[in-house]
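Participant: Could you build the full structure based on these sequences and the hints that come with them?
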Amino acid sequence: MRALLYLLLGVLLVGVADAQSLREKLLEKIPESERLLLGLSEQDEIRAGRKATASLLAIAPLVEDEALQRYVNTVGRWIAMGSNRPDLPWRFGVIDSADVNAFSAPGGYVLVTRGLYASLGSEAELAGVLAHEIAHVVERHQLELLRETLLLEEGREAIAKAVRGDRQELVRRLIGTGAELFARRLDQEAEFEADRLGVVLAARAGYSPYGLPAVLQKIATLAPADDRVQLLYKTHPSPEARLRHLDAAMGSAFDRYDRPAAGGKLYRP
Amino acid sequence: MNYTVMTFLRTSLCVVAAALVACSDEQPPRPPTPRTEAPATAPDTRSGAPPDTARAAPSADDRGAAPSSAREPALAPATGTVLRETELKREPSLNAPTLARLPAGARVVAADREGGWLRVVSDGREGWVRLLHVSLQPPGAGAASAQELEAVAKLATGRAGTGNIVSTTGIRGLREEQLRAAAPNETEVARLESYAATAEAANVHARKHGLERRDVAEMPAPKR
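Protein chains in written order, with the numbering used here: chain A, 1 to 269; chain B, 1 to 224.
Think of the hints as simulated: they come from the structure by calculation, not from any bench.
The structure displayed is predicted, hence computed values, not measured ones.
We put the beta carbon where it would ideally sit given N, CA and C, even for glycine.
Watch out, some of these pointers could steer you wrong.
Quick list of simulated restraints, FRET-style, between CB atoms [unchecked claim]: (1) A/166 with B/84: 52 to 58 Å; (2) B/204 with A/223: 38 to 44 Å; (3) A/87 with B/187: 22 to 28 Å; (4) A/87 with B/217: 18 to 24 Å.
Facilitator: In structure tokens:
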């Protein structure tokens, strides 16, 4: 049914000059998240995320500790399974960088730096960090940013002409050069949204909802001028603004989910 | 007196003394062999760091290991500010007796954290406040006084102060130019994929540690 709808939409978009109103009527029937993705399949999304991740791994490879890598994958997968995109090929990793940060890329790629991991005090805090990143993927925040940038810079028709059905070429254009995706600032609202959904996803997975707020509070104890948080401050609202936002959104409604001891023992390298 | 408290007092004395004499950069005394099963990693104080950045507990080295417990590790004594009027509670619970009302802007020194609660010393009193009502600050922004440090030290649980990010100099983060210039590393991304956990492995972990799925509604954005 959905495929049929897309086909119909495709036919309408090609060549029918006065199809504007019809097209809008059709669009109303497609959920927003899918409408935004028109022209980009989940496979394209995964390919794009994989490419950006591969570039980040080139400058910050995985920490050489298989047990650690498998541990974060287990915790991350458990949380992601409670999201509304449980079947993405979720991949988690700890990368060898002193930077205090975590990253996600379209399609289910999530990386935490060794610097941030070292600051964690419990599995609930790890869960909070991973859940924030999972939320970005679930909401397709980066994908939307990439898609919008490409459309703005090249225009829909020029892209269609250049790509001509070559999905690799589309992915290449989408991601741009290297791992610059991870240096880009998302809309502040997207970060706040990922914080809110991250708290919810952690709580759904049985963890304390306060793991993420605790990590934000810790990050605030680092001077903003510290080299290891430069990228984080450039790409995110301040930890204090994020805490204030979560306070306003959470109130005391999440106290009933607060089980501080829930979860396994945090793996220590 | 356990090691955490000792190191903590030493580093705090360092801060107090910093105005008068430079603190030595020497390594702190090694801890007595811990009785826990955790590896006895000596804290790395990064001897190159200036004394004023060494205020936080020293065990948060990037590779530091510490005994863990069901509760979260104690915080190093970061100072903070109350973001909005809040109650100082005797226990980390909304139902606990209220000891005092702390106005917005009140100064606190953090001693511990448990779930959504932060244990603090404020104006000579000790209790728990909601974590989300407090913003902690980097060292240097109104360092804790000797009295405050002493009060916080009394609350020390003996759990190591991991979880704090020690300020250092000369450690570099990721740079934009670096990110932009990176070329994909296929081998490494394949390695990342090889560590993926199966749904079954995730379920086993959750069952083993009592993590239950809960229905939690999505949170709407707060009204501004």
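Participant: Look at each hint and say if it fits the structure.
Facilitator: Evaluation of the provided hints:
The given range of 52 to 58 Å is respected by residue 166 of chain A and residue 84 of chain B, whose C-beta atoms sit roughly 55 Å from each other. Range check, residue 204 of chain B to residue 223 of chain A: Cβ separation about 41 Å, and the 38 to 44 Å hint holds. Take residue 87 of chain A and residue 187 of chain B: their Cβ atoms lie about 26 Å apart, and the range 22 to 28 Å holds. The hint said 18 to 24 Å for the Cβ distance between residue 87 of chain A and residue 217 of chain B, and at roughly 22 Å that hint holds.
Hint compliance for this structure: no hint is broken.
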